[in-house]
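Construct all of the structure, not just a fragment, from the sequences and the given hints.
Protein sequence lines correspond, in order, to chains A and B. Heads up, the first sequence is in the numbering used here, so the first residue is 2 and it goes up one at a time. Heads up, the second sequence is in the numbering used here, so the first residue is 76 and it goes up one at a time.
By construction, these hints were calculated from the structure, which means they are not laboratory data. As the structure is a prediction and not an experimental result, all values here were calculated from the model. We put the CB at the ideal spot given by N, CA and C, even for glycine. Hints should not be assumed to be uniformly reliable.
So, partial list: chain A residues that the calculated Cβ filter (under 7 Å) puts toward chain B [what the hints assert, rightly or not]:
no.	residue
1	His61
2	Gly101
3	Arg103
4	Gly104
5	Asp187
6	Glu188
7	Leu190
8	Ala191
9	Asn241
10	Gln266
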Amino acid sequence: MSPGSNDIFSQKERQALAAKGTALRRRAAIIQAVRRYFIEKGYLEVETPSLIPAPAPELHIDAVRAGGLFLHTSPELCMKRLLAAGYPRIFQICKCFRQGERGARHLPEFTLLEWYRAETDYLELMDECEDMVAFVLEELGLPPVLEFQGKALDLQRPWPRVTVQEAFERYASAPLEQVLADGRFDEILAFDIEPSLGFPKPVFLHHYPPALAALARLSRHAPGCAERFELYAAGLELANAFSELTDPDEQKARFEMELAKRKEQDKTVYPMPEKFLRSLPFMPESAGIALGMDRLVMLLSNQKEIDPVVCFTPEEL
Amino acid sequence: MYNASDLRKGLKILIDKEPYVVVDFQFTKPGKGQALYRCKLRNMINGIMIDRTYRSVDSFESANLEQRKMQYLYNQEGHFYFMDLQSYDQSALSAEQVGDAKNYLIDNLEVDVLLFDGRPIGLTLPNFVDLLVTRADPWAKGDSVAGDSKPVTLETGYTLRVPPFIEEGIKITVDTRTGEYVTRVK
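What follows is the structure in structure tokens.
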């Protein structure tokens with residue numbers, strides 16, 4: 002069709018994409034700054050395959066089938082194999098795919114930042130999150146206190162740490178023990194607690210019950226808890242981190258349990274990731290974290306929904 | 076049978092043996108947790124709205140709904156009677172179920188009646204209906220408050236604003252979705 006023709010559809014699309022300009026430019030600047038941060042800190046940028054035979058067996062994460070393989074739901078297992086082979090600091094920014102995840106803050110194809118570090122635990126990753134965000138703000142020339150949806154978002158260090166127990170006492174309509182027994186943890190977390198987390202400063206939610214941390218090591222500091230944290234800012238879940246479980250038998254047992262639950266719920270039962278399990282005995286003490294880049298862009302461009310921070314949503318294709 | 080992942084606006088499902096339509100729908104999911112579907116649903120029989128949260132393991136029966144072409148016959152004692160154009164069976168809807176559609180119900184009008192398990196529960200009107208103006212006051216020129224329109228009453232008792240040239244005895248087309256005047260029937 003010739004330029005200047007009266008194609009309303011194309012006109013609307015060009016207007017909608019032009020309106021995303023500010024967010025898309027900021028998105029690019031954030032991704033580039035994050036990359037610089039990790040390179041300066043001595044991390045090796047890696048690219049692991051998106052097409053894999055065996056996604057991490059997790060009950061609630063559904064992989065998209067692609068031919069006889071799956072699209073990865075996160076680069077976790079491949080990155081850990083690199084850790085086990087002696088790469089002590091690695092990061093990756095990549096597209097990940099999760100079946101059926103579509104909402105105001107979810108896309109079935111989204112951008113994840115993952116980084117892993119040997120000889121450390123999840124507490125140090127908390128410091129690194131604060132440090133990275135401070136670096137990005139500086140690179141972008143943004144002040145440490147931003148506005149997000151009419152409220153102050155104060156990104157100055159340090160960020161408070163709240164245990165899961167404390168969060169339930171403060172915000173939930175039912176106590177943690179009862180919610181766990183009823184299987185309503187996710188519901189109460191999503192609707193009672195999350196909307197209150199991370200104002201005005203981001204907050205680290207930690208001391209998770211072990212049942213909710215399939216790939217995390219049990220805590221050496223807090224008995225009965227797993228070394229897992231989630232980072233929240235302005236009610237938005239930004240990142241999930243673990244001190245990595247390195248015991249192959251324990252890991253295999255947890256995977257088998259997850260796969261059994263998947264079978265029970267008529268979900269696709271993935272093959273056991275055997276090569277990952279075989280690499281585990283060589284994996285050093287380490288910690289790893291996955292951070293939603295689209296969410297970080299939302300936060301730093303004052304967008305309460307995910308659609309405006311990506312070029313195209315699935316519905317627009 | 077539907078799964079939670081089939082939920083979307085407009086989906087009709089059965090809850091406690093009654094048909095509901097999803098009017099609003101929010102997906103959320105803690106990263107490692109289960110998918111949650113927060114829905115606003117309208118009971119298709121009594122119009123009552125409810126909030127429900129569903130999880131990925133939940134499933135639903137589909138509601139046995141059917142639309143049939145019927146002709147409006149008459150209303151009596153708060154009920155509106157329709158005749159099925161295929162079977163010639165008669166069905167009745169209550170004034171509550173008919174709602175504002177009563178403004179457009181004239182004899183012999185063809186509508187779609189919605190049946191749930193064979194029982195009538197509602198109706199869908201044609202988008203445009205022609206109705207007779209039964210009362211129209213002369214237009215008071217210079218009545219700037221009213222602008223360039225005046226109120227008229229139609230054969231069903233419905234009143235609406237129309238252009239000043241519409242007079243008693245004229246038929247006009249009304250958009251049943253907005254309740255507004257469209258054109259004069261020639």
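Earlier hints that do not hold, by number: none
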